[in-house]
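Peer 1: With the hints as extra help, turn the sequences into a complete structure.
Chains A and B, in that order, give the protein sequences.
Numbering of the first sequence is given in this note's numbering, commencing with residue 1 and proceeding in unit increments.
Numbering of the second sequence is given in this note's numbering, commencing with residue 1 and proceeding in unit increments.
Hints listed in this document are in silico derivations from the structure and should not be mistaken for laboratory results.
Cβ atoms here follow ideal geometry from the backbone N, Cα and C, with glycine treated the same way.
Incorrect hints may appear among the rest.
Pair ranges (Cβ atoms, derived) [stated by the list, open to error]:
id, chain 1, residue 1, chain 2, residue 2, range
1, B, Gly-350, A, Asp-117, 50 to 60 angstroms
2, A, Glu-8, B, Thr-308, 10 to 20 angstroms
3, B, Gly-350, A, Ile-257, 45 to 55 angstroms
4, A, Thr-181, B, Asp-26, 52 to 62 angstroms
Chain residues, written in single-letter form:
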Amino acid sequence: MNFAFTEEQEQLRQEARSFLAGRDEPSWSELVELGWLGVSAPEQLGGAGLGFLEEAVLFEELGRALYAGPYFATVALALPALGDEQLAAVAAGKERWSAEIDGLVPDLASVDWVVTDEGAARAEGQELPTMDETRPLGRLATGERTPLAGSLDRPRALAATALEAVGIAQRALELGIEHATQRQQFGKPIGVYQAVSHKLADTYVETELARSLAYWAAWCVAERDEQAPVAAAAAKAYATEAAVAACERAIQVHGGIGFTWEHVLHRYYKRALWLEAFWGFPAEHRADVAAWALEGARDGVPVRIA
Amino acid sequence: MDLRDTPQEAEFRVEVRSWIEENLPDELRGHRGGAARFEGEALRAWSLALSEAGYPGLTWPAEYGGRGAPYSFQAIFYEEIARSEAPPHVGVIGLGMAGPTIMAHGTEAQKERYLAKILSAEEIWCQGFSEPNAGSDLAAVQTSVTLAADGTHFVVSGQKVWSSYAHIADFCILVGRGDPEAPRYQNLTYVIVDMHAPGVEVRPLRQITGEAEFNEIFFTDVQVPRENLLGEIGQGWQVAMTTLLHERATLGFALTTGLEVGVRKLLALARERGADDAAIRDRVAREWIELHALKFTNYRALTRLMQTGLPGPEGSGVKLHWSEQNQRLTKLALELHGSEAQLLDGESGGFWQFQQLRSRGNTIEAGTSEILRNIIAERVLGLPRSR
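Peer 2: Right, here's the structure in full:
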């Protein structure tokens, strides 16, 4: 039993964190140059031949940095449906992809192609006003669909959603700690008041629990473990709720400034809400988990209670 | 990252599982906790059998009679105990707190005298930390531990409270005030007290459940030999921190495996009673999910402990969440009983009624939830101190 990322994976995290901290919004070509679009693509296709655990590190860090490009759409959603030629094009930065989920396409306007149940579609249609302006949703126009080599992988996408949510929750916690340490009222930093500090302690605990579920789901996806569907549903349900709560507490701890357009918190909050709503609200996933736990199986997937 | 057992771990798991199957008497299976943790001959016999099989002190170094096994073996042992719903060893305070503290701060003579008998379950230990006026604030204890004029012994006087196992204990790890004039955190002295010495009186405390798990201990001019000092006079705070660190390092696993038994029983109950109600199913799923969140948080902490030798900050968070989840779980289970929830002789034989009441102690014992949130805020998040 070893439940930690390897040294190389932790190094990737450090590199990603310092790269993302150094710029406002990295360009797609910078991500391509870093090799992030070909993490799991085989080497002969121009990728790094690594796996979902390395991608997991990036989902979390991109969430923490509130990255706005179609990395999630391409890597978390579309990748499992693509054939070799398309994987090579993604790794080389020539194609960006998204997927149609529940009739909506994340980042429709900033991708080239969309995975649908009927095959690949050109990314043409209408982008819709979305609460989280950094990750708009759109509706595909009707048009030609060409067959795809693979199909969508819901557990993989849900695990990625949970990982991004952990990054969001972690950043909201950090912002709350910074503010509670610096802001003075009644002659003291407000973090000395337990009504403030205990909220942040609760966020810490929930973020750590969410992290544990998200890493479990990531490992199950990476290893094609039979628990992947239930682990991903559990992680998605818990981590996205935790991220929303983390942002709500951070806004409260910030007081008025946390409620303004000027402060970054509302953008984290809207991303957390986006993740919570994406591909099934937590209650929908808990209904699935209940079926696994109570009836022992769902859609032919068994579950081990312990 | 690999969540599977290593071949050695898998082999150990098989060994433990089959040993439990062969040795656990049916009457002890599915115990409800509480006073059942230390009552009755069968439990003593079970503890003795565990000791003879070498399961207590798995992670203790071989020189002190342990197996020197990695912490993952300890985790596997807890998991298998939970799976079979077996009761824990009666010597938990000795194994989890007194033993590690003696290993860290004790003299060679103390290690020689006490450790083997903790492992063998021949001697039972209790803890004398909390007092009526010093609960969360340990540095405020009033019990005096005064060195006699001739320097041969200490005289201990005062009152301790909430001491589990005190009524069957042979020894007590006690923190008292060594020097009333010294500043806070330099005024405490940590000693081992013989519970059979003259002047020690134990009175059981009847609790909300009707059972007496805890005790008050009264010390009236109890003579404690000087060689029973742990650490130095006035350094009791530092020694006590070792005890609490060990309590929290392994506590997470023990608690979570207990919760796993509860969730399994809840699932069985829900299948019988409310498995078609969407609202109930949602709440049952929440318990399952959060049990796994705790479990995998323990695994992350365990990996860190094995890699660095130091427990991480996760322990306080696990205890905090576990206690609140356990309270919520017992309420849900009772709700599933409907109007019969009040009946003590219903189908669960009073099990859940007992758990609901007992669980109120969970957010108080071993660090109140308020203290744990302070610890997290100050020591983990680095927020300014509230005191």
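Peer 1: Which hints, by number, does the structure contradict?
Peer 2: Every hint satisfied by this model.
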